[in-house]
Amino acid sequence: MKKQGLQWAFSILGGLLLLFVLGPVLGLMFSSSPMKLFETAKDPEVKNSIMLTLGTSMAGTLLFALAAIPFSWILARYQFPLKKLVTAVIDLPVVIPHSAAGIAILGFISRDTWLGKAGSLAGFNFIGHPAGIMLAMAFVSLPYLINAARDGFLSVPERLEKAALTLGASPARVFFTVSLPLAWKNILSGLILMFARGMSEFGAVVIIAYHPMITPVLIYERFTSFGLKYAQPVSVIFILVVLVFFLILRLLLSNTKKS
Amino acid sequence: MLKLTGVTKDFKGFRISDISFTVEKGDYFILLGPSGAGKSILLETIAGLLSPDSGTLELNGKDITNLPIQQRKVGLVFQDHAIFPHMKVKKNLAFALHGRPSGFIRERIAAMCKRLGIEDLPERYPSTLSGGELQRVALARTLIQEPEILLLDEPLSSMDTRLKSGVRALLRQIHREGQTIIHVTHDYEEALSLGTRIAVMDHGRVLQTGTPDEVFHYPRNGFVAHFIGLKNFFPVTIRMSNAIPVAVTDAGLRIQVQQGQENAKGFVMIRGEDIVLSNAALDSSATNVFSGRIREVTVTPMGYDICIDAAETIHALVTRSSLEKMNLREGVNIWMNIKATAVKFIEE
Chain A
806 MKKQGLQWAF
816 SILGGLLLLF
826 VLGPVLGLMF
836 SSSPMKLFET
846 AKDPEVKNSI
856 MLTLGTSMAG
866 TLLFALAAIP
876 FSWILARYQF
886 PLKKLVTAVI
896 DLPVVIPHSA
906 AGIAILGFIS
916 RDTWLGKAGS
926 LAGFNFIGHP
936 AGIMLAMAFV
946 SLPYLINAAR
956 DGFLSVPERL
966 EKAALTLGAS
976 PARVFFTVSL
986 PLAWKNILSG
996 LILMFARGMS
1006 EFGAVVIIAY
1016 HPMITPVLIY
1026 ERFTSFGLKY
1036 AQPVSVIFIL
1046 VVLVFFLILR
1056 LLLSNTKKS
Chain B
63 MLKLTGVTKD
73 FKGFRISDIS
83 FTVEKGDYFI
93 LLGPSGAGKS
103 ILLETIAGLL
113 SPDSGTLELN
123 GKDITNLPIQ
133 QRKVGLVFQD
143 HAIFPHMKVK
153 KNLAFALHGR
163 PSGFIRERIA
173 AMCKRLGIED
183 LPERYPSTLS
193 GGELQRVALA
203 RTLIQEPEIL
213 LLDEPLSSMD
223 TRLKSGVRAL
233 LRQIHREGQT
243 IIHVTHDYEE
253 ALSLGTRIAV
263 MDHGRVLQTG
273 TPDEVFHYPR
283 NGFVAHFIGL
293 KNFFPVTIRM
303 SNAIPVAVTD
313 AGLRIQVQQG
323 QENAKGFVMI
333 RGEDIVLSNA
343 ALDSSATNVF
353 SGRIREVTVT
363 PMGYDICIDA
373 AETIHALVTR
383 SSLEKMNLRE
393 GVNIWMNIKA
403 TAVKFIEE
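These protein sequences, in sequence, are chains A and B.
Remember, our numbering sits 805 above the position in the first sequence when you count from 1.
Remember, our numbering sits 62 above the position in the second sequence when you count from 1.
If we strip away everything but chain B, and leave its shape as in the complex, we get (with noise of 0.2 Å):
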């Protein structure tokens, strides 16, 4: 178990300040954030490699806040892999083996080349190795000391979609085996995919910590929401309009919600594929229904995101057919049904 509790750094002009999260055993721990957001800062950090300014850090129960790098039994991978190029794979392995006796590290050698797949690599040179291969060398190289925490700077950013599947498989295959991982990313559905807890990240603060879904359901503000691709998420002021609680936004648009109290601070979030759109105002049982005119229409690939501007910017989501149906085009004013039980409000 790692527990940081307070850790600050300034560091070269990046800042994290007051960081403060638990990583349980068997945890599949994303950091997630954009770039600048002071992720890789608080990754050199947990490896000792950068000291905080202030701070604690606890492995399973003991303060190594300033214990030497080589004491932690944290491994770090680095984002490009850092293989020593003058070394044979082979010696790369070995590198954290220094000072055992041959036998058993030609032995550890031979059983994580086989774990991971490389069998055929311990004689070559890192220069002839593809991104895929260096990848699963440096993951070997780390794991093969056998560190109590695995720590992955943006394991998967410089590949390409078919390689990076290849590499989630390895990592959930790692976190299966029993391994402690903290991972770190700016891409939400890797986060999605690959963590059990997630803490989102921005200007070197955590901003929310939790699971998957307490993250992706009840984002805690606007920029987690934006960060994890939330589209139609607005600060709200709820108020009593003949007893039926009303959401108003900044903006002013009011949307009603199922529950609330009057005066009750904290978002609406509304997904994009719950927002039936019509040519004319319909008279159905939708409760919100709102006018506005088509700034901008996307291809995603789950069908087309239609950004209208009304009193606030939203996104709607559409199927290629309505699409086609409805003629829906910039410029074009389109009415917008969104059912009471659709809009989900959550209090701050």
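In isolation and in its complexed conformation, chain A is listed as follows (with noise of 0.2 Å):
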């Protein structure tokens, strides 16, 4: 009886947790018609805010992927003096405060520093430009990949690569025909979180770019500018936008417990 009791109590609990959690969420999708919405979904600037946030976060994912699942694998197989340290360094993203991010990539793309040159020889500077958001969010989000990727490749069998080295496979073939199909659907949520948590970034982007516009700082401009009204429809379609991939991320979650 004492035990049902305690269990009606932490029940309720996290009933107020979900309510903590979806109240707010409900309240703003309801906030703004239809019409409102079909009318914000049109304008321009929040389309184009849109495609550039989707654009940079895909692209920053894509491009650090081609370095990060490598050296996932590395993380997985092999140990390493000071392999602690570098766990942890992944990690430190997570733990910046993004603000503080955003300065530090600041300074590490600025002008007189040898990336910053090497993109004036290019023809661009980081500082307002999608390359310099992509950065950014790649630098927030870049700990779920490798994190997701690593747990993918330590989930495979060291035996199933040894076997294919004994049948005559190179380490390169074994990697793309043995470890990296295996840990594929680890690696594919990671890719899925990180674009995910890549276009939701806000303060480090807004310290490097405050234009070209991505929806975070969109929406933060309309708040300040304009007020509460304003900046909820934009707010309501990109959760729309963001919660497809999350969505998407959970039904392949689903599927990897299952087989």
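These aren't lab readings, by the way, just hints derived from the structure by calculation.
Some hints here could point you the wrong way.
Covered stretches of chain A (in silico footprint by chain B; criterion: 3 or more residues with CB under 8 Å from a CB of chain B, positions within the stretch not fixed) [said to hold, decoys possible]: (1) 960-966; (2) 969-979; (3) 983-989.
Note that beta-carbon positions come from the ideal geometry of N, C-alpha and C, so glycine has one too.
Using the supplied hints, reconstruct the complex from the two chains, each of which is provided in its own coordinate frame.
Quick look at the structure:
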């Protein structure tokens, strides 16, 4: 009887937590009329910002994946000196305040650094450029991909890689035909996580580039310049876009568990 | 022919040291030892997954110590089969034939499936296969690359008795077809039933190498003897008594033997079925008569194992009728009668 009482108390606490998350989101969803949402969705400024947000986050995710996925395999398979330190460094962006991360990146890509100079040679300045936005997004979202991919490779029995080697495959062929396909679901969910996390970044991006405006910055601008009523419809539309990817991720994860 | 010379390797807390032996073409070579003896490390070193800290490996007169795995022509079948779960059986089998013409691959797969009796499996995914089927697929996948030497890591360990005899027959068939095999096991019956040569390992060292006959009839030390299931095996020193050689064990048991020189060191071996038990001292031709107390009676496939505490612990093997007739049970005092001809002295 006592235990049941405890269960009830804990369940009620849980219900309150759910309400805390769902309440504001649902409130927001119903804050604007469908008409208003439709109008906002057609607004070129909104459309452009969403395209920019999706594009830069996608580009950052894919570009950094080229290095992050092989590196995750190294992390999963080998012991090396200072490995714990390396793992900690990878998780660093998760704990650094994002505005501070933005400041750090700004110092790294401003015009007098080698990266900034490389950008100038290619004819652009990272600051206020989609390339800069991409770097800021990748900085804060990279840990999600690396950790997911590493867990994926860890779940592949090392014996399968050894077996492939004894069957005459080169190490590269083993990686592409055995390790990568078997870790693929984890890697894909890592890619989506990184992509979604990059899209929703505000703090780091706003320091690198106020313009061109990604959607989180646009929402902020509409709020500060025009007020809550103008920020709400953009927020709703952006949340819907992000939800699509969130749903894909959940579906993917539930499939992984079944198989 | 595979020749190992002084192979030594330290790996993750396991160690093999100074391993030397030769596997001739056509041998069915058994590496026999308890778990932790270093058998699997040795196998992975031969396969090339590990490189030795020192020592050399030669295959057909060519030094392969530092040759990449892909070029070794040595095939390894893992204990848990290590079939790629994301590929159909067909693709698993084709894995080692990468880069060959597709017609060639198709023919080889068909021929291999026929040879191993898995013609109906190529389109299946590994998750739908039974343990026995996985075993055959793993063998086929390795054999398809025509390895000079087939390495098997505990191929029968995870199988029930019925399945085991089927796979044993299959391994014998593969060996008869001319395949050189190195097979790792901890089961001496498996070693006896399959091997043409046996190396007994413990603590990372090879203790004895020889034919099953040599190893089972002349075990070189107590570990080998006990590991291959011989129970009455004692280190002894020969003392002459009235010109008759008597083997004296460390615990002071005196056993008359047929031949031996004063001070010769070695082992005596007595088969359990050669020990005649009686409730009273017999006036018989047996020259060795000891008394002791029964510690334990155990059922075995061959009868009953009677474990008796005398100066040494001795195991006798009796039939069910003797057991009942003599009322053999724990705590009973009993006489053991052993002819000198039943005692084998192996000089060190």
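Hint by hint, which ones does this structure get wrong, listed from lowest number up?
-> none
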